Amino acid sequence: MKLGEIVALCGGVLEGGDSSLDIYGVGSLAEAQPGEISFLSNPRYNHQLSDTLASAVLVKKDWDGASHCALVRVDDPNRAFADIAVALSPPALTYPPGIHPSAVIDPDAVLDDDVCVGPHCVVEAGARVGKRSVLLAGCYVGHGARIGDDCRLHAHVSVRAYCVLGDRVWIHDGAVIGSDGFGYSPRKDGSWEKIPQLGTVTVGDDVEIGANVTIDRARFGSTRIGDGVKIDNLVQVAHNVQVGHHTVMAAQVGISGSTRIGSGVQLGGQAGLAGHVQIGDGAVVGAQAGVTKSVSPRTFVSGYPAMEHKRAMLLQAHLGKLPDLRKRVQALESQHRSGESPA
Amino acid sequence: MKLGEIVALCGGVLEGGDSSLDIYGVGSLAEAQPGEISFLSNPRYNHQLSDTLASAVLVKKDWDGASHCALVRVDDPNRAFADIAVALSPPALTYPPGIHPSAVIDPDAVLDDDVCVGPHCVVEAGARVGKRSVLLAGCYVGHGARIGDDCRLHAHVSVRAYCVLGDRVWIHDGAVIGSDGFGYSPRKDGSWEKIPQLGTVTVGDDVEIGANVTIDRARFGSTRIGDGVKIDNLVQVAHNVQVGHHTVMAAQVGISGSTRIGSGVQLGGQAGLAGHVQIGDGAVVGAQAGVTKSVSPRTFVSGYPAMEHKRAMLLQAHLGKLPDLRKRVQALESQHRSGESPA
Amino acid sequence: MKLGEIVALCGGVLEGGDSSLDIYGVGSLAEAQPGEISFLSNPRYNHQLSDTLASAVLVKKDWDGASHCALVRVDDPNRAFADIAVALSPPALTYPPGIHPSAVIDPDAVLDDDVCVGPHCVVEAGARVGKRSVLLAGCYVGHGARIGDDCRLHAHVSVRAYCVLGDRVWIHDGAVIGSDGFGYSPRKDGSWEKIPQLGTVTVGDDVEIGANVTIDRARFGSTRIGDGVKIDNLVQVAHNVQVGHHTVMAAQVGISGSTRIGSGVQLGGQAGLAGHVQIGDGAVVGAQAGVTKSVSPRTFVSGYPAMEHKRAMLLQAHLGKLPDLRKRVQALESQHRSGESPA
Chain A
913 MKLGEIVALC GGVLEGGDSS LDIYGVGSLA EAQPGEISFL SNPRYNHQLS
963 DTLASAVLVK KDWDGASHCA LVRVDDPNRA FADIAVALSP PALTYPPGIH
1013 PSAVIDPDAV LDDDVCVGPH CVVEAGARVG KRSVLLAGCY VGHGARIGDD
1063 CRLHAHVSVR AYCVLGDRVW IHDGAVIGSD GFGYSPRKDG SWEKIPQLGT
1113 VTVGDDVEIG ANVTIDRARF GSTRIGDGVK IDNLVQVAHN VQVGHHTVMA
1163 AQVGISGSTR IGSGVQLGGQ AGLAGHVQIG DGAVVGAQAG VTKSVSPRTF
1213 VSGYPAMEHK RAMLLQAHLG KLPDLRKRVQ ALESQHRSGE SPA
Chain B
913 MKLGEIVALC GGVLEGGDSS LDIYGVGSLA EAQPGEISFL SNPRYNHQLS
963 DTLASAVLVK KDWDGASHCA LVRVDDPNRA FADIAVALSP PALTYPPGIH
1013 PSAVIDPDAV LDDDVCVGPH CVVEAGARVG KRSVLLAGCY VGHGARIGDD
1063 CRLHAHVSVR AYCVLGDRVW IHDGAVIGSD GFGYSPRKDG SWEKIPQLGT
1113 VTVGDDVEIG ANVTIDRARF GSTRIGDGVK IDNLVQVAHN VQVGHHTVMA
1163 AQVGISGSTR IGSGVQLGGQ AGLAGHVQIG DGAVVGAQAG VTKSVSPRTF
1213 VSGYPAMEHK RAMLLQAHLG KLPDLRKRVQ ALESQHRSGE SPA
Chain C
913 MKLGEIVALC GGVLEGGDSS LDIYGVGSLA EAQPGEISFL SNPRYNHQLS
963 DTLASAVLVK KDWDGASHCA LVRVDDPNRA FADIAVALSP PALTYPPGIH
1013 PSAVIDPDAV LDDDVCVGPH CVVEAGARVG KRSVLLAGCY VGHGARIGDD
1063 CRLHAHVSVR AYCVLGDRVW IHDGAVIGSD GFGYSPRKDG SWEKIPQLGT
1113 VTVGDDVEIG ANVTIDRARF GSTRIGDGVK IDNLVQVAHN VQVGHHTVMA
1163 AQVGISGSTR IGSGVQLGGQ AGLAGHVQIG DGAVVGAQAG VTKSVSPRTF
1213 VSGYPAMEHK RAMLLQAHLG KLPDLRKRVQ ALESQHRSGE SPA
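Residue numbers (this note's numbering), protein chains in the order written: chain A, 913 to 1255; chain B, 913 to 1255; chain C, 913 to 1255.
Among the hints, erroneous ones may be present.
When chains are identical, the list treats them as one kind, so a pair holds in a single copy or across two.
To be verified - List of simulated lysine to any residue pairs, SDA-like, C-alpha gap at most 20 Å: (1) 1100 - 1175; (2) 1205 - 1225; (3) 1106 - 999; (4) 1043 - 1025; (5) 1043 - 1028; (6) 1233 - 1223; (7) 1205 - 1038; (8) 1100 - 1220; (9) 914 - 981; (10) 1222 - 1232.
To be clear, the hints were calculated from the coordinates, so they are not data collected in a lab. Small disclaimer: the values here were computed from a predicted structure and weren't measured.
Build the full structure now, drawing on both the sequences and the hints.
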């Protein structure tokens, strides 16, 4: 797009730039490349303006400062930026209904109206795919599994036998729903006997599941993911875990078996949760925290073993002053030994 | 199943319920939904009975308490529950022998009797798949790889060139056996030169490998996984690692190159092991532990850096009392300054 | 190979062994099996020679010691070992140009000369695959994605729409390039609204990406991986992360959104980096470190929260002496109470 077209799109005023300039993309002040447009909304980032490589920057109408690049003055740089980003993005992909001839659909599977099944997908007997759902290349839907309406499964997703997805569930590439739970009984000779994992996974509506996530099927009953849950890449959810509505999990979180997580919980990246604990509604677990016991609702825990975040910070501060404390004890000891008094 | 059929199945006595009730599934007291049956074996969970949503609960013959739902009195609720769970589960899937026409099998590959090769699998030249082994949709078996008898590879598994699996190896979806080890030599200009990874991976008998696990091929020789080893989802095993028999690894464990792990070892979730260390037979590594040096047999280590668990707990307790210790030092200092004596 | 052939290959002298012995492979002294050859270069490992199962061992010409297995005296055991390893390895795999008939290539995709596209690959409209690049079984290349020259994608790799790979990029099985970034706005009712992820991923030249890695596309603009970067298995790179040239990341590292990593940085296994921080050129982040704020160039940080490694070690040492410090404070207190003087 020409810079002039962009100025028109967002109803802005161009300053110090050529409206015939070609703009190819958008980026933050720190990341933008020449030929891209950026924005400055929060004065905290004023200093980034002088270093930006962007060819043009959206600023507030009354922004007062100098710049080496073209400025576009607008009412709301944030919003204008979002609009321009959409205009400059490649058109959103559409997935016209249809079943690719290379897909292998069992005659006993049911595909609802307007599904799109990509190349090399496999849908086993008894499985059902709901209306307008999209399966991209190479997805596997096991026996008796049920995919709701308006779902989207990216390439190489596995939804194993008898698992159930609600409506509007998006799953990114390589995620596995319904792998066997990790359960063994010890035998006397030190070997392990597999405990059959007879349950399934039940995923609610409006859930998004990241790339290469793994969610194990229950030993009995269901591993349950509530409505509106958002799960980032490479997360592990073990058998029989129960997750409440609208809980979010950052990447690489690991949740052990039978743990129950409330609604509106936030789990930071790489956090690990022991088995059979409960995380109350609205609790927050810090990144890399190791949760070894239950967490009360609306509590923020962090560290290993996880404790209330304020206390974790306090202990961290005390640890940092430990070398000083030791010196003070040494001083007391030597004063004591010498019988000296500070007088 | 009707509740009456279930009562007959486990030889129990029905109390306070209608034998024509439909029972669809099983669940723990905490997780069961209406229409499901649960069990109460350990009196520790007595309190969960009053909150359960289960329509019926298995209890001991002599259990003495009140319930809002139907009770089924049996000798061993635990065992009866397992039997009912199997009876209520969908029939176990079977994989009849045969090669799906969409599978691409090199003419120089050898498939033993009664293998089942699913849609879109690829088996390269020189590879061999043993008797009765099952490859589900989209598996990749590289050149010269060998899969033993009675193995099961779920969808999208990669077993790369020349890797060897024993008998009765189960691998869950998306796991990768034999990706290149991570080895580079620094060049003078700061770039990295790849060190060829010429070895393979050798997996013993009766091994189970979780979804999206990665096991790298050796630089030379073999990365080795012993008999009976059980590996949970998203575990990383680097090149030249050696793992003894019957060792178990929880999800998201990471093992660095050339580390040697004994037999009967247990690695907790998200534990990380440095390279070139040895973990003795029967050792236990706590969840999230960071193992930086070798661990003696039958030792339990935890924390970062990992140390004997008892000592880690001791230090943790001392850390928790550090604010108090500091106050005590302050008191001593102020007493000392004032020359005051406690008497 | 016969042992005699090996001796000839490396110009060595055989001692105490039969030149007609069959040698099947190579291994370190600790790992080698009967029928394999090993080497002893560093006298630190002298003690391993007596326990090795290797059938023959390469030693220096002037090495002076006894051995139960055949010795091959050479000038440089290290180098001779590498040469023999190559000679004993299966021949390197080649990927002759051609497009497997089961691959699904959109008529609007462009495949350059001499590409090799394996079975069941999918290349969408507008995508381009550069000269001599190899796509192994089941790879997915999304709409408008661009793969450079001489790339190699192992089985089940996804490169999603509009992502760009440079030349000589190798990606191992199951890695996902261009999954959606993890971005949501909170709604008043506690649910989350997806923020469209309109950007892409741009990968430089000579990059290697491990198995089951996930690299998210940017919200706007590009997640960028510089030239010569090496990424081990199961790493997570979030949206809008920028990685400089020749940076290396060990397995299971997690990098949060918009973090900027310099050139020549080394990230240890399982390290986690918060969002919006900067890691200076040449910095080193220890394994399992939790980086919560920016790191200066050429600084080594470790621990949680990550701090300068020397300081982390110091605090660790102080923590280890905390039980002793507490006793010393108790002694001071009791001396003080008793009014006793040490003299």
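Of the numbered hints stated previously, which ones are contradicted by the structure, given in increasing order? Violated hints (numbers, rising): 7 and 8; every other hint is consistent with the structure.
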